[in-house]
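**Student:** Sequence:
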Amino acid sequence: MSKNKLFRENVQAGGPAMTNAGKNLFRTALDEIGSVLARADESRIDTACAMLAGANKIVVYGCGREALQVKGFAMRLHHLGLPVSVVGDMTAPPLGAGDVFLVSSGPGETSTVLTLMQVAREAGATVLLLTAQGESSAARLADFTLLIPAQTMADDQGPEKTSVLPMGSVFEGALFVLFEVMVLKLKTITGMSSEAMRARHTNME
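Quick note: to get the numbering used here, add 153 to the position in the sequence shown (first position is 1).
Hint data in this document are derived by calculation from the structure and do not stem from the laboratory.
Among the hints, a few may not be true.
Claimed, not checked - With a straight-line Cα cutoff of 20 angstroms, these simulated EDC-like cross-link-like pairs (lysine to aspartate or glutamate) come out:
(1) 224 to 252
(2) 210 to 262
(3) 338 to 195
(4) 224 to 242
(5) 224 to 358
(6) 340 to 199
(7) 338 to 199
(8) 210 to 252
(9) 338 to 348
(10) 210 to 296
(11) 224 to 333
(12) 210 to 199
(13) 338 to 194
(14) 210 to 185
(15) 340 to 195
Working from the sequences, and respecting the hints, build out all of it.
**Tutor:** What follows is the structure, given as structure tokens:
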């Protein structure tokens, strides 16, 4: 019997389709992400949520795979009724005093991030940074930093490599979970119901 046929029969029968090696990989990856978030400062997470809830406007930005996490968070902020846009969208408004620029840069040295942070600061907006590098150029430029102590592409090679996951995946995975928890906290702050959030979801899918 071929491996593919055996796999299909196991799935159809509701039998085990995961090897011990596969289970261990999932467990290791999830444990790594959980370990990162367990070292995050919850009081700073709460402060970041309060900043977002009180902002006149929120504009978000991230590069590469971090951008995917940031855009997903922006979608949830919209569901919460908060005024949010993504850098690069044709409808993104200008930033100014009372606004928050939320930006993610795991390594903290991304050139486009540094440039946009400077633009936001000069416009009078508050810069909220998510990074793994608390001593980076981006951290020095930010008004407020949320440290996510995870491996990124800045330290994924040689003896410094600590994760089974490649490149910046631990940071990106932690970013996703962190954003989901922040949504729960913001849901409490804003008093938004699940029904109201669902009502804001697009019907153009």
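**Student:** Please go over all the hints and tell whether each is borne out by the structure.
**Tutor:** A quick look at each hint next to the structure:
1. Distance hint between residue 224 and residue 252 is fulfilled; the C-alpha atoms sit about 18 angstroms from each other, no more than 20 angstroms.
2. Note on residue 210 and residue 262: the hinted pairing is violated, with a Cα-Cα distance of about 25 angstroms set against a maximum of 20 angstroms.
3. For a cut-off of 20 angstroms, the pair hint linking residue 338 to residue 195 stands: about 11 angstroms separates their Cα positions.
4. For the hint linking residue 224 to residue 242, the alpha-carbon distance of about 11 angstroms falls within 20 angstroms, and the restraint holds.
5. About 17 angstroms separates the Cα atoms of residue 224 and residue 358, which keeps this hinted pair within 20 angstroms; it holds.
6. A C-alpha spacing of about 12 angstroms is found between residue 340 and residue 199, which places the hinted pair at or below 20 angstroms, so the restraint holds.
7. Restraint check for residue 338 and residue 199: satisfied, since their Cα atoms lie roughly 8 angstroms apart, inside the 20 angstroms limit.
8. Distance hint between residue 210 and residue 252 is fulfilled; the C-alpha atoms sit about 5 angstroms from each other, no more than 20 angstroms.
9. A distance of roughly 17 angstroms separates the Cα atoms of residue 338 and residue 348; the hinted pair therefore holds under the 20 angstroms criterion.
10. Distance restraint check for residue 210 and residue 296: the Cα-Cα separation of roughly 16 angstroms lies within the 20 angstroms cut-off, and the hinted pair is therefore satisfied.
11. A threshold of 20 angstroms between alpha carbons decides the hint, and for residue 224 with residue 333 the separation of about 12 angstroms falls inside it, so the pair holds.
12. A C-alpha spacing of about 18 angstroms is found between residue 210 and residue 199, which places the hinted pair at or below 20 angstroms, so the restraint holds.
13. For the hint pairing residue 338 with residue 194, the CA-to-CA distance comes to about 14 angstroms; that is within 20 angstroms, so the pair holds.
14. A C-alpha spacing of about 34 angstroms is found between residue 210 and residue 185, which places the hinted pair above 20 angstroms, so the restraint is violated.
15. For the hint linking residue 340 to residue 195, the alpha-carbon distance of about 16 angstroms falls within 20 angstroms, and the restraint holds.
The earlier numbered hints that this structure contradicts are 2 and 14.
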